[in-house]
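Chains A and B, in that order, give the protein sequences.
Take 1 as the starting number for the first sequence in this note's numbering and just add one per residue.
Take 1001 as the starting number for the second sequence in this note's numbering and just add one per residue.
Think of the hints as simulated: they come from the structure by calculation, not from any bench.
Just so you know, even glycine gets a beta-carbon here, dropped at the ideal spot from N, CA and C.
Wrong hints could be hidden among the right ones.
[Stated by the list, open to error] Calculated pairs, DSS-like style, for lysine-lysine (alpha carbon to alpha carbon, straight line, at most 25 angstroms):
(1) K1111/B - K388/A
(2) K1008/B - K18/A
(3) K577/A - K688/A
(4) K1189/B - K1213/B
(5) K1008/B - K388/A
[Claimed, not checked] Short derived list, chain B residues pointing at chain A, Cβ under 7 angstroms:
(6) F1090
(7) L1109
(8) D1112
(9) I1113
(10) N1117
(11) K1208
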Amino acid sequence: MKIRKRSLIWNGDGMLFKKMLRDILKHKTQFLSIFLMAFLGVFVFAGVGGESVGLEVNIDKYYEDTNLADGWIYSANLDDDFVDKVNNLSPTLQSERQLVVDSVGDFSNDPDITLHFVENNTLSKFYLIDGEPLNISDDDGVWLDKSFADAKGLKVGDNITFEFNGIEIERQIRGIGYSPEYVYHASTSSIIPDFNKIGFAYMSYEAFPGDNVPYNVMQVKFNGTASAYNDLLSDKRDGDYNSFVEQSEHSSVNQFSEEMDQHKMMGDIFPVVFILIAMLILLTTMTRIIAHQRTQIGILKASGFSNRSIMIHYISYGFWLVFAGSILGLIVGPLTLPQLFYPSMSATYKMPSWDPAWSMDFVYVAALMIVMSLVVSFIAVRSISKEKPADTIRPKAPKITTTGLLEKFGFWKRLSFNARWNYRDAKRNKFRAVMTIVGVIGCSALLVSAFGMYDGMNDLKEWEYNQINHYDSKLVIDEEAVMSEIDDVADEVNGDKLMESAIEIESGSTKKSGSLLVLNDTDLVTPTDYDWNKVEIGDDEVSISQKMANLLGVGVGDTVRWHIMGSDKWVNTTIDKIHSDPTSQGLIMSADKLEDLDLNYTPTSIVTAEHVDKNYSAIKASNSMKEMTSSWDELTESMWLLIYILIFFASLLAVVVLYNLGLLSFTEIEREIATLKVLGFKTGALRKLLLTQNLWFTAIGFILGLPVGYYILAIMWESSGDSFYILPSISPLNLLLTAAITFSLSILVNLMFSRKIKRLDMVESLKGVE
Amino acid sequence: MSTIIEFKNVNKEYRSGDHILKAMDNVNFTIDEGEFVVILGPSGAGKSTLLNLLGGLDSVTSGQIIVKGQNVESFNDNQLTEYRARNVGFIFQFYNLIPNLTSLENVELMKDIVDVNIDGLNVLDSVGLKDHANQFPAQLSGGEQQRVSIARAVAKQPAMLLCDEPTGALDSKTGVLILNLLQEMSNNKNTTVVIVTHNAILAEAADKVIRIKNGQIESIAVNENPKKVTDLEW
């Protein structure tokens, strides 16, 4: 006779495999929850991952196909000599010049069209959708922005007229498509693109009206890092150019990658919670099954099953479920979730393809979870090998309760039976008590972070569009307008002038992009601190935003060095004040202060409390507050979607966790409850007994869950990009709502068990162990 | 007949704190192959301890247990598991069937441990339960469950059957049926059967009766002409 040594985990026709399947069926709620949580963990990770990896793959391919530049050199004078010098820098691989000018399209709403006269269309190439490819010797054709063409109903073969620098040119549309520089394309006055008002067009340098094209942008491809190239450039060619923008700082590239990062962060944090919950349920369920099947384990041992095969048998329960859940999540996640996000994103961002992608990371996470489930199951079943078989066939001796500190106090005797029983029960079953509390911590942390995001998004909008900006219309000033024209308009609409510019700020070795806001004395734009109290910035003062101060590591009294993008004039400024702003980080000062620094004051917009419909020649566009808030809503649509999904799953999680732990505690104390019932306790009193315990655990878990949720929220806000500034907080109302959800779920679960108490068969549950 | 089991100066102590309980106190006896042995004694005498030591479920404090020439007390955990798988069939008072497996599956469970060609239906037939093959333990009476547990124990053809109060939870009529079955196993298949009980009547049916009290052997008696279980006065 030989002892069989075969793997029981794979043994599909083995009796122990059958036993496992039937055991799982018997405890289907718990195992379904394990399966569900494992599924959700991988589903969300692979789903949101499929979405963000998809974005990354699509955008990378797009950037590669169109040969997006690594950097842009801006200068008013890009002659052949300069080109040679840049090309002679050893890291330079490729370069090409463009003339980029703002023009107005000949339509009733005067749309802004950015024209690109390109030298040979080899870098940041036009991506053709319809028509013929860009032909560099074509002096009459134009290749137009697809979004703009769609908005205006323009087709290949139509003519279009642009006006710039006082010149009008009419060209025929040869092709329609996208550009890698315009994945995100919004005007300076609006964060959401309005493709009826904004567009771009590519033409050959041959199509430029005039002999010498005054190129102003030089695109470069280079080896090595952007900062090394930047250093080299400023070292060798200092003074020859205005500024250098690296790829990651390009506004379109940057905006899109920030959006991707936000999705990625959400997709990373939440699966962790689901997976932890899955492991928690697995641990409690397996511990319970092991305790329940003590004598069965004894008989298996007595029959000659080795500890190893018995342990493998019990470990395989969780393995199969987590395995099945992860596989399903891996398949379903990337198929469904991206389809939920892409439609709203493709309204704002423009690229040729939106396909979900798959990454081996998903498989690694699933594999990691499976390994974790094996470890967790092992922890639960490891006690099997410790006990002598002779002990396992006997029922377990009751746990010993020792009297502790609490009982020594006089008030112990005055406590009700309910309080004493629950205290002792929790003390005797520490494992269950801890697991329940951990479960509740998980749920409340998720709910708090979900509602915290909800509040944060609302606060952001209220702060930006109600607390700081009080105007009704914002008129964007035409670049060619002269000061007297601007003043006339400002007088007519009772408005105040603003200057907004992109700047680069430096302190020590840290360099950050930000924005400059130049205010004259106005009530329409009032900087605030984080508590929405107005911050008064004196005429000779400079204020830095809190976030920028944090990023640069500076405070009041420190000096920062900065310059306006497109100008190479750096200035030093001492910080006098600190303000906070939710969406724009940088400096605020008065026009006087700006001129003191020897910089030109060039207002970019006029804000007014009046509603302005009239057109002025000095004004390019007019945006009402209403339009701006609705475009904000549109931009944040996918964020909201994520928040709703989160709230839904957090609630689902709470039900699953509380129900499972409730079930666990009920079966553990079934005999005790039956005894109490035999002794004459009424169902109501027993229900109260269990409810008390539940509520205590829920309360402790909830309170401990708050800081955890707060921490998750802080991580999420921090990851939302350099330009956003919002601190984790939750409104009292939503905190109350979170508490209400957690506690009512706890009570609901308790009610489910009340019926079990009523139906509890006293004789059966007091009979010997199975 | 040759000796299959030998206890030599076996001691077993249980410690709980400072208190030492002597469950086996210098126990010596031998059992021959194919014998039908009854171990008698009052509650707490150490009967179950003796059976557990013999079955490799527990280890001795001192002394030797020699089964088929091997020193069981010197086995490590793996060897003990192998020993149980090959040599020992256990039958308990509360049957201890796997509730989620049918009668037949409970018997065929043994296929997972030993390389014996087990025809589960045939074994079940030998205990008269062929018709109940696809029922779960909860659907069977106590006597039927015990017969399944006997079928499960004999399926792997062990050298000995160790029975701890096999009729303790059964009415006397069903009990006789079970004991008769065990006696037949011993007579027909030359399986050594050791039964622990506090029911003295069974002594008349045994080949050998070992009486123990307070962990010590009180007497060992050999029955030259054991009665058939069915002929006993219950």
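Each hint tested on the structure:
1. Of the pairs offered as hints, the one joining K1111/B and K388/A holds, with about 24 angstroms between alpha carbons and a cut-off of 25 angstroms not exceeded.
2. With a C-alpha separation of about 43 angstroms, the suggested pairing of K1008/B with K18/A is violated against the 25 angstroms cut-off.
3. About 58 angstroms separates the Cα atoms of K577/A and K688/A, which puts this hinted pair outside 25 angstroms; it is violated.
4. Restraint check for K1189/B and K1213/B: the C-alpha separation of about 31 angstroms exceeds 25 angstroms, so the hint is violated.
5. With a C-alpha separation of about 22 angstroms, the suggested pair K1008/B and K388/A falls inside the 25 angstroms cut-off, and the hint holds.
6. Here the hint on F1090/B is kept, as its CB sits about 4 angstroms from the closest CB of chain A, short of 7 angstroms.
7. This hint holds: L1109/B has a C-beta 4 angstroms from the nearest C-beta of chain A, less than the 7 angstroms allowed.
8. Annotation: D1112/B was flagged as interfacial toward chain A, and the flag holds, the nearest CB pair being 5 angstroms apart, inside 7 angstroms.
9. Given hint, I1113/B at the interface with chain A, holds; its Cβ is 5 angstroms from that chain's nearest Cβ, closer than 7 angstroms.
10. The restraint placing N1117/B at the interface with chain A is violated, with a minimum CB-CB distance near 11 angstroms, outside the 7 angstroms limit.
11. At its closest, the beta carbon of K1208/B sits 23 angstroms from a beta carbon of chain A; the interface hint therefore is violated under the 7 angstroms criterion.
The structure fails to meet hints 2, 3, 4, 10 and 11 from the earlier list, while all remaining hints are met.
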